[in-house]
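J.: Listed in order, the protein sequences are those of chains A and B.
Numbering-wise, my numbering puts 3 at position 3 of the first sequence, and it's gapless, one number per residue.
Numbering-wise, my numbering puts 12 at position 12 of the second sequence, and it's gapless, one number per residue.
Hints in this document: simulated from the structure, not taken from any laboratory.
Every residue, glycine too, gets a C-beta built ideally from N, C-alpha and C.
Here are some, though not all, of the chain A residues that point toward chain B, as calculated from beta-carbon distances under 10 Å:
1. Glu3
2. Leu9
3. Leu31
4. Asp38
5. Ala43
6. Asn60
7. Val61
Pairs of lysine-lysine residues, derived as DSSO-like cross-links and limited to a Cα-Cα distance of at most 30 Å, are as follows:
8. A:Lys22 - B:Lys22
9. B:Lys51 - B:Lys74
10. A:Lys74 - A:Lys51
11. B:Lys51 - A:Lys51
There are 2 protein chains.
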Amino acid sequence: MYEGPVQDLIDEFGRLPGIGPKSAQRLVFHLLGVERVDIERFAHALLALEKVGFCTRCHNVAAGELCRICANPKRDPSAICVVEEARDVVALERTHEFNGLYHVLGGALSPLDGITPERLRVRELMERVTAVEPNGTYEVQEVILCTNPTVDGEATAAYLLRELQTLDRSDLAVSRIASGLPVGGDLEYADEVTLGRALAGRHSL
Amino acid sequence: MYEGPVQDLIDEFGRLPGIGPKSAQRLVFHLLGVERVDIERFAHALLALEKVGFCTRCHNVAAGELCRICANPKRDPSAICVVEEARDVVALERTHEFNGLYHVLGGALSPLDGITPERLRVRELMERVTAVEPNGTYEVQEVILCTNPTVDGEATAAYLLRELQTLDRSDLAVSRIASGLPVGGDLEYADEVTLGRALAGRHSL
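This is chain A alone, in the form it adopts within the complex:
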């Protein structure tokens, strides 16, 4: 056991996911050698997390009512990319390939973990897709299902596709993000499922 304040901070770091007692100790000893202003900036950054909530439209993290993407008038509101978590939004934004809006489900279907469609923001997605503009047309024209290519993510995408098909919106374009070999990957070391997907998803040249 360390002196009170040292042990307190070790305990706090130790409560974070993936940080054990040894790592927590190492971090605190690092901070013991850091300038006072740096510690204060860290503490204030922590307290500033209070200001962060979730976007009322897409459920991405947001400092205000809308997230930066939903609040940006240059984004195309007719396309919605459906992702599991807010961090997936950042991953997709880094590609600079998509100029539409997002919809964060808050996870993937996982019956064993009790994650049912009611626990995800499926109803909110359906409301967005069926929202009608003042001129009588639908705002959303395209939905890209970008849940992870895992068992749960695939099941979620399949479920959402079925739900979207029941909406009586035959004009709606629904697609699924492609699976295949990662760029820079090697056929020899690819697992057979990924390789099979890459083959099935081949495109003519």
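With chain A held as given, fit chain B onto it using these hints.
T.: Only chain B this time, still in chain A's reference frame:
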């Protein structure tokens, strides 16, 4: 890039040793789902680090002028265990085998990294060892060199032994912590240096 406050906290975590951008992001997303009071307790634990300094006697971390060990009148001031870092004190305290005091060097000699004896608290150790009590006797009777059994730690122990021998204190007992097989270890998997040390350090039964 995330919303301002989120990115700020990711940057702060990312500045810690051994925490990359992905881990920092994971930690912040964890904290986004945590109760407000828990965040505040974390921030206050960080700010409380201001109160932590170093023991004026042994240079262990201390909330006051002396660390808890030096301030404890039940500890035997005649024995000093010399360690590299404050965290080594905690490791040794967990054994409950030593009831003396400590001396934290602040590292090990490493000429390549510019860690010379002047950069460590060697002079302070010599002052403690040569300190005379009011009745004219030396307070310190035993020094146990507990630097790590690494190249740098061994060099530091050898250096300290030479320095202690120049002090004209032939009554001083100087020892080195034992190297050998870890308890629960296996001869077959021990490296040859450790095994050689364990053999050399054999004791009669």
